[in-house]
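Sequences listed follow chains A and B, in order.
Its first residue numbered 30, the first sequence is counted upward by one per residue in my numbering.
Its first residue numbered 357, the second sequence is counted upward by one per residue in my numbering.
There may be inaccurate statements among the hints.
[What the hints assert, rightly or not] Taking beta-carbon pairs under 8 Å as the criterion, some of the chain B residues facing chain A (in silico):
1. Leu391
2. Ser416
3. Val422
4. Ile429
5. Asp435
6. Gly452
7. Trp453
8. Tyr456
9. Ile457
10. Phe462
11. Leu470
12. Tyr472
13. Trp474
14. Ile476
15. Leu479
Hint data in this document are derived by calculation from the structure and do not stem from the laboratory.
From the three backbone atoms N, C-alpha and C, an ideal C-beta is built for every residue, glycine too.
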Amino acid sequence: MTVGSPAVVIGILLSTVIVAAWLIWVERRMIGIWQDRLGPNRVGPLGLGQVVADMVKIFFKEDWIPPFADKPVFVIAPAIVMVTMLLGFVVVPFAPGVGVIDFNFGLLYFFALSSLAVYSQVLAGYASNNKYSLLGSLRAAAQSISYEVFMGLAAMGVVMLAGSFNLREIVEAQKDGWYVLPQFAGFLAFLVAAVAECHRAPFDLPEAEQEITGGFHTEYSGMKFGMFFVGEYLGITLNSAILVTLFFGGWLGPAFLPPLAWFILKTLVFILFFILLRAALARPRYDQFMSFGWKVMLPLTLANIVVTGAVGLSVP
Amino acid sequence: MSSAGVPHTDLWPLLLYFELVLVVVGTMLALPPFLGERRTRRTPATEQPYESGIVAVGSSQLRFSVRFYLIAIFFVIFDLEAVFIFAWAIAFRESGWPGYIEILIFIGVLVATLVYLWRIGALDWRTPRQRGIEATIHQ
Numbered sequence: 030m031t032v033g034s035p036a037v038v039i040g041i042l043l044s045t046v047i048v049a050a051w052l053i054w055v056e057r058r059m060i061g062i063w064q065d066r067l068g069p070n071r072v073g074p075l076g077l078g079q080v081v082a083d084m085v086k087i088f089f090k091e092d093w094i095p096p097f098a099d100k101p102v103f104v105i106a107p108a109i110v111m112v113t114m115l116l117g118f119v120v121v122p123f124a125p126g127v128g129v130i131d132f133n134f135g136l137l138y139f140f141a142l143s144s145l146a147v148y149s150q151v152l153a154g155y156a157s158n159n160k161y162s163l164l165g166s167l168r169a170a171a172q173s174i175s176y177e178v179f180m181g182l183a184a185m186g187v188v189m190l191a192g193s194f195n196l197r198e199i200v201e202a203q204k205d206g207w208y209v210l211p212q213f214a215g216f217l218a219f220l221v222a223a224v225a226e227c228h229r230a231p232f233d234l235p236e237a238e239q240e241i242t243g244g245f246h247t248e249y250s251g252m253k254f255g256m257f258f259v260g261e262y263l264g265i266t267l268n269s270a271i272l273v274t275l276f277f278g279g280w281l282g283p284a285f286l287p288p289l290a291w292f293i294l295k296t297l298v299f300i301l302f303f304i305l306l307r308a309a310l311a312r313p314r315y316d317q318f319m320s321f322g323w324k325v326m327l328p329l330t331l332a333n334i335v336v337t338g339a340v341g342l343s344v345p
Numbered sequence: 357m358s359s360a361g362v363p364h365t366d367l368w369p370l371l372l373y374f375e376l377v378l379v380v381v382g383t384m385l386a387l388p389p390f391l392g393e394r395r396t397r398r399t400p401a402t403e404q405p406y407e408s409g410i411v412a413v414g415s416s417q418l419r420f421s422v423r424f425y426l427i428a429i430f431f432v433i434f435d436l437e438a439v440f441i442f443a444w445a446i447a448f449r450e451s452g453w454p455g456y457i458e459i460l461i462f463i464g465v466l467v468a469t470l471v472y473l474w475r476i477g478a479l480d481w482r483t484p485r486q487r488g489i490e491a492t493i494h495q
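Between the sequences and the hints, there should be enough to build the whole structure, so can you do that?
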């Protein structure tokens, strides 16, 4: 297998879409277990067919565009989040020889696409012509750009140690030890930023049901709502994959499993962690959330860069 | 850094992937209008924005807090400066201690800006009411 062969490209696209859809079942089932109930268990063995049933149902739902909405923007908005999140997987180094493209600025490309995804929420809220949607999209925009600032800075410690923006080279550089140990502060900051960028609980303030009904997707239904949903799970998968690549040695692991299996296993652990967070933590107030980003995480990442630079230069 | 530049210069896998993504997303957008049900019975409420069952009042283009605008400005400032740090981070071994001291001054200015914004209360999103409540709690 080589990077970028047609079979690999098609395989990656299909598996990411299927995994993202399947995560809906994983999340409902896992939260069910953690909350001492069963979760979906009717369709097929263990309820695994739930995703198929949901997909069939959602395709046959009415394609409802509210008459007061801005129609073209309303239709395009959910597509943006899916396209950007799927394109993010281009640079993910799944294993040696598995990936879409080997790109020198892979990390910057990932940051660019994860910022572009906010257009989806902003345009959805704007086009819906609904007060709650607009509030949700404003929150989404402010949250994404606030946490975007230190998400990049948090990853800079890894870039300094590896000396490269190429995600494959970053994985190779972790042969002697995963970067989670020397870059623990960077890891924590990146994890928080990743949760915020995905708009996942506890940082799901743009869609806080108790405050602003559904947030930016209040007016959406059927497949378009489904696309926001799948886009969110794609975001979780993508951010988990990048976390594993940057801090947990990507495909590296003992030889009894193939590299691809290690990568999938580690990513799965982070996906489950994202879901556990939702089951475990309550949502903070919006002002607390914003000040946490600017007053705690931003100074922390700057200090991390200063310390990493000093240590890196004195220990050649 | 390798002198060879981009190891795989041909971008066609990226283009192939991009086209496939567009096909997948396009299919998801294009099929439901044909497969979905046609609604025959419409009530006046069908045409209303959903606001938790309360009849909508006024325009949906509402005025919102100026803090959202402030955050956008801060983002432009801080993210632009973060890009300078990116450029240093990739080459921090080559630039050595002189480069480190320069970026230290740069980060110092950034931190001074942050402290200034903090002190004038630009990062404080609490409403006056919340501030009052917390002041009484901490007494």
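Here's how the hints hold up against the structure:
1. Leu391: Because about 5 Å separates Leu391(B) from the closest Cβ in chain A, which is inside the 8 Å limit, the hint holds.
2. Ser416: holds, 5 Å
3. Val422: violated, 12 Å
4. Ile429: violated, 10 Å
5. Asp435: holds, 5 Å
6. Gly452: holds, 7 Å
7. Trp453: Result: holds, 6 Å to nearest chain A Cβ.
8. Tyr456: At about 5 Å, which falls below the 8 Å cut-off, the nearest Cβ of chain A leaves the hint on Tyr456(B) intact, so it holds.
9. Ile457: Interface hint status for Ile457(B): violated (10 Å vs cutoff 8 Å).
10. Phe462: violated, 10 Å
11. Leu470: Holds: closest Cβ of chain A sits about 7 Å from Leu470(B), inside 8 Å.
12. Tyr472: Violated. Min distance 12 Å.
13. Trp474: Hint holds; Trp474(B) Cβ to chain A Cβ min 6 Å, cut 8 Å.
14. Ile476: Violated. Min distance 13 Å.
15. Leu479: holds, 5 Å
Hint violations for this structure: numbers 3, 4, 9, 10, 12 and 14, all remaining hints satisfied.
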